[in-house]
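**Student:** First to last, the sequence lines map onto chains A and B. So for the first sequence, our numbering puts the first residue at 1; every next one is plus one. So for the second sequence, our numbering puts the first residue at 1; every next one is plus one.
These are calculated hints, taken from the structure and not from any lab test. Hints may contain errors.
Heads up, the list lumps identical chains together, so a pair's fine if it works in one copy or across two of them.
Stated by the list, open to error - Below, a list of computed lysine-lysine pairs in the DSS-like style, where the Cα atoms sit at most 30 angstroms apart:
(1) Lys-143 / Lys-55
(2) Lys-143 / Lys-64
(3) Lys-98 / Lys-143
(4) Lys-101 / Lys-64
Protein chains: 2
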Amino acid sequence: MSYPVQRVTLITLGVRNLAQARRFYEALGWVPSEATPAVVFFQMPGMALGLFGLKDLAEDQGVKEVTLGTGAITLAQNFATEADVDAAFAAALAAGAKAVKPPSRAHWGGYSGYWADLDGHVWEVARNPFWPLDPDGSLHLPKGA
Amino acid sequence: MSYPVQRVTLITLGVRNLAQARRFYEALGWVPSEATPAVVFFQMPGMALGLFGLKDLAEDQGVKEVTLGTGAITLAQNFATEADVDAAFAAALAAGAKAVKPPSRAHWGGYSGYWADLDGHVWEVARNPFWPLDPDGSLHLPKGA
Numbered sequence: 001m002s003y004p005v006q007r008v009t010l011i012t013l014g015v016r017n018l019a020q021a022r023r024f025y026e027a028l029g030w031v032p033s034e035a036t037p038a039v040v041f042f043q044m045p046g047m048a049l050g051l052f053g054l055k056d057l058a059e060d061q062g063v064k065e066v067t068l069g070t071g072a073i074t075l076a077q078n079f080a081t082e083a084d085v086d087a088a089f090a091a092a093l094a095a096g097a098k099a100v101k102p103p104s105r106a107h108w109g110g111y112s113g114y115w116a117d118l119d120g121h122v123w124e125v126a127r128n129p130f131w132p133l134d135p136d137g138s139l140h141l142p143k144g145a
Numbered sequence: 001m002s003y004p005v006q007r008v009t010l011i012t013l014g015v016r017n018l019a020q021a022r023r024f025y026e027a028l029g030w031v032p033s034e035a036t037p038a039v040v041f042f043q044m045p046g047m048a049l050g051l052f053g054l055k056d057l058a059e060d061q062g063v064k065e066v067t068l069g070t071g072a073i074t075l076a077q078n079f080a081t082e083a084d085v086d087a088a089f090a091a092a093l094a095a096g097a098k099a100v101k102p103p104s105r106a107h108w109g110g111y112s113g114y115w116a117d118l119d120g121h122v123w124e125v126a127r128n129p130f131w132p133l134d135p136d137g138s139l140h141l142p143k144g145a
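Please put together the full structure from these sequences, using the hints given.
**Tutor:** Next up, the structure:
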């Protein structure tokens, strides 16, 4: 195995209605790289996000069913400014997301809000002053701590 | 917002027991970049994976509780060969993961298995012959389809 162990190639979100879920992410400005009647893939920096029907996902996993929207996994997008966080949060609501927590100052020194997509998958939008981002929006954690 | 819209900066996994969850990922060969009594962060190519206590995660989201292990979000690692997939699956079980589906040939032409971590978060290990990987293990989706 020549790849680093610490990596994720693909995040797959199980969805109730694939066409509806696709429209939601497209309303956020996302553009699919590949879309079939069964699956939609979006390119991200170095990895992909996939939308996949719940039944297909359960079948793929060889399990009876998978259930939705617990928020025990969250996906975060970080931004450079609090205004950018507010704008991203507003754009999500405008696309049909549910507000979980409006952006506010957090005890750890940042600024963060949460929204849930149509299937309850929870995204965080945040500014973390201790985590500068690369020009492409990717993250390299500070050394040590 | 100068960053691309299609990106994830951080994946946070809610966990019951942070020390135990950290030991599990360390047993898989992962090395934390930052670890406090409250949170553990692992550097991945261009992004991070975080482990965070369930109560802290619920508090952070401003919700009463978040529940675990539905598998409606899956995190995938792709590999170059089926033998690499088998080795990664075996390494996960050796670290204490639960087998969800042993690696097998998939109808879409690849080879894939699923395991669940101590908190039920579901990972896929896969070889997708249509998705060549970069030397650092990152993914760039083929154009069109």
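**Student:** Between Lys-98 and Lys-143, at a C-alpha cutoff of 30 angstroms, which is it: within one copy, between copies, both, or neither?
**Tutor:** neither (35 angstroms within a copy, 32 angstroms between copies)
**Student:** Using 30 angstroms as the alpha-carbon threshold, which applies to Lys-143 and Lys-55: within, between, both, or neither?
**Tutor:** between (42 angstroms within a copy, 27 angstroms between copies)
**Student:** Under a CA distance limit of 30 angstroms, which applies to Lys-143 and Lys-64: within one copy, between copies, both, or neither?
**Tutor:** Answer is neither: 43 angstroms inside a copy and 34 angstroms across each miss the 30 angstroms cutoff.
**Student:** For Lys-101 and Lys-64, with the copy left unspecified, which applies at a CA distance of at most 30 angstroms: within, between, both, or neither?
**Tutor:** Between copies only: 12 angstroms across, 32 angstroms inside.
Comparing the model with each earlier hint shows violations of hints 2 and 3; every other hint is respected.
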